[in-house]
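Numbered per our numbering, the sequence shown spans residues 278 to 413.
Possibly wrong hints are sitting among the right ones.
Using 25 Å as the maximum straight-line C-alpha spacing, the simulated SDA-like pairs for lysine to any residue come out as follows [unchecked claim]:
1) K301 with P403
2) K401 with K301
3) K402 with E383
4) K364 with R324
5) K398 with K301
6) K398 with G323
Computed Cβ-Cβ distance ranges for the label pairs, DEER-style [unchecked claim]:
7) S338 with E388: 25 to 33 Å
8) V391 with G289: 25 to 33 Å
9) D412 with F322: 30 to 38 Å
10) H351 with R291: 32 to 40 Å
11) V391 with Y294: 16 to 24 Å
12) A348 with F322: 35 to 43 Å
13) T278 with G323: 21 to 29 Å
14) S408 with A296: 37 to 45 Å
15) R291 with Q369: 21 to 29 Å
16) A287 with G353: 27 to 35 Å
Hint data in this document are derived by calculation from the structure and do not stem from the laboratory.
For glycine and all other residues, C-beta sits at the position ideal for the given N, C-alpha and C.
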Amino acid sequence: TGSMLLPIDAQGLRGVYQALKKGKMVAILPDQVPTLSAGTYAPFFGRPALTMTFAHRLIQSAKPLVVTGVAQRHSGGFKIRLREVDKEVYAQEADVCVAAMNLTIEKIVREDPVQYQWEYKRFKKPPPGASRLYDD
278 TGSMLLPIDA QGLRGVYQAL KKGKMVAILP DQVPTLSAGT YAPFFGRPAL
328 TMTFAHRLIQ SAKPLVVTGV AQRHSGGFKI RLREVDKEVY AQEADVCVAA
378 MNLTIEKIVR EDPVQYQWEY KRFKKPPPGA SRLYDD
């Protein structure tokens with residue numbers, strides 16, 4: 278298909294920036310739980326979820342068109358759907374952007390919750406003082 282997978286390290290991240298600068302499409306899984314230094318807390322289903330800020334930095338730097346892509350399981354295969362994102366994804370403030378990303382993901386999940394990859398455990402790193410949802 279011509280796609281290239283890049284590692285989540287300095288070289289891979291540079292590759293993502295370079296691809297966007299060349300007008301190429303980049304796909305990022307924004308609902309992975311980042312390290313504390315690579316994210317900020319934003320609401321997801323009414324609870325604070327540590328959310329990556331890398332997408333925000335990419336959006337601010339490269340000014341790409343941002344869409345969501347969903348691969349939905351159906352009998353005999355998958356249907357791929359592309360959608361617009363909440364416009365606040367383009368906000369200059371990281372906390373506004375990541376809240377909008379989470380809201381966009383939440384809307385998609387609400388349509389068919391059994392299709393979401395709940396094993397991501399979005400709430401596994403709660404902020405100080407918040408209750409834990411998962412056993413370690």
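List, from low to high, the hint numbers that the structure doesn't satisfy.
The structure breaks hints 1, 2, 5, 9, 11, 12, 13 and 16; every other hint is satisfied.
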